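**Student:** Residue numbers (our numbering), protein chains in the order written: chain A, 29 to 231; chain B, 3 to 230.
Worth flagging that the hints you see were computed from the coordinates, not collected in a lab.
Here the structure is a predicted model, which is why all the values come from computation and not from measurement.
In this text, a Cβ means the ideal position worked out from N, Cα and C, and glycines have one as well.
It cannot be assumed that every hint is accurate.
[What the hints assert, rightly or not] Straight line, CA to CA, 30 Å or less: simulated DSS-like cross-link-like pairs of lysine-lysine:
#1 K166/B - K99/A
#2 K115/B - K99/A
#3 K166/B - K209/A
#4 K111/B - K21/B
[As the list claims (entries may be wrong)] If you only want the chain B side, here are some residues facing chain A, beta carbon under 7 Å, derived:
#5 Y33
#6 F183
#7 F185
#8 N187
[To be verified] Covered stretches of chain A, going by a simulated chain B footprint (3 or more residues, C-beta under 8 Å):
#9 54-67
#10 84-95
#11 158-169
#12 186-197
#13 211-224
One letter stands for each residue in the lines below.
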Amino acid sequence: MANLISEPTPLTVLSPIKNGDDGSQTFASLTRKYLQSLDIHEKSPMAKVPNTFLCRFFVLNDVFFEGSPGKVDHLKSKYLVFCCNFHGDLNTYLREFWQNAQQEAQKIWRHCVAFEQVHDAESFIDYIKKCELNTTIYFNGSTGLPLDEQLKALYLKQEFSQFACEKQGLSAEALFEAFQKFVERTRPADLTGPTWKPGQNTL
Amino acid sequence: MSNIAGKSYAMTVITPIPKIWAWVNLLKFWYSKNIRKKKSFGLQTLSLIHYARWIIIRPSQFPRLSSNQPKEDLHYAYMLFFSNFNGSWSQYVDSFHMAIPKGLDRIWKHNFKYPKSVPLQPFHRYILHNQIWTDHYYNAYPLASSNDVKAAIALRAALLEFIKQSENMSPEEFQKAYKAFLFYNQQHIAKMHSAPVINLADQAKVERVRLIESYEKTLRDEHGKPNF
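Take these sequences, add in the hints, and give me the full structure.
**Tutor:** The structure is reproduced here in structure tokens:
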């Protein structure tokens, strides 16, 4: 079952973490601790990866026991899970991931099995594809447009809502002039700016 | 650890499903998507969802990248559920329960010990028992809800069209057209603000990193070596 069900593309990755430790902490603990120490919002390393809408990382320690009369299952490895919604095709996305956040990717996956074989964008793509899971059901409740279009639209919605509130009751000439200035300032057709930054959490 | 990034909440749930039912479900979902052309199980009625996905993984499908890595030997297949939604945990779970109980049961009903989405309390317990917390969650637009994104896209398209149409209008004609524009697009016009929970979640995150760092300092000497 292909993952290109509709735009945007869902990506789910389960990377096995090496069993063992560095002398004081398990590799799974070190991975979790690094993930928890990452900066958030616009300072998150994922803000540097083009066309990332929403993504999460976590360490899957084990599966859960549902109680009697169920059977007890335990995973033999812990897994680093990366779940992402992005725009575009997988190869381009992963190549840009590596090009824009190579150091962070190396730190995030450094304790995973076979990640030492990853040394460039192409080997990163191969590695992620080996760990990729097929999506069974996917629901897109948003839009699949490229991120720059979404961010520009959000910026414009905020600015125009402000404009509509402030410019009530103006004369025809004053309104006409104010709107021309608004268009000049916000450049609605220009995706390069002004716009919101990926991960921006303040106005 | 935070399941919150701005206005989005990341829910992850992993539940066991008997292997035979995993195959049945895979066939059922394939038929539903490709033959009946029904993809959403009623989810489109819940506009608070950005994206959601379900993945059925059989024991042999857990990635094994080296012969040194032990092979998984599990009694069950597992269903992973990932969702990104706006609002709180209980708002989300309750809206599933209230709005699309049958759609939800169709997806989960063969999972081991799934209690069904009605009544509510066992369903709450089932989700909580099987939920996994997120270690790092990123949202490209933390100030916006899913509805904000959809409204913004619609408003920008309408605004670009309006700018083109109003290019050669006199101020009087423009004023009339502008008022009509506001009338027809009023559902997309609203300012966004951060919610109090965003600030609280961010503060908690900063505090947690500070505590980890301070705890680590107490465990290591001046050369960075373990002090225990």
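**Student:** Run every hint past the structure and note whether it holds.
**Tutor:** Results of checking the hints against the structure:
no. : hint            : result
1   : K166/B - K99/A  : violated (66 Å)
2   : K115/B - K99/A  : holds (12 Å)
3   : K166/B - K209/A : holds (15 Å)
4   : K111/B - K21/B  : holds (14 Å)
5   : Y33             : violated (12 Å)
6   : F183            : violated (9 Å)
7   : F185            : violated (11 Å)
8   : N187            : violated (9 Å)
9   : 54-67           : holds (count 6)
10  : 84-95           : holds (count 9)
11  : 158-169         : holds (count 11)
12  : 186-197         : holds (count 6)
13  : 211-224         : holds (count 4)
In summary, the numbered hints that this structure violates are 1, 5, 6, 7, 8.
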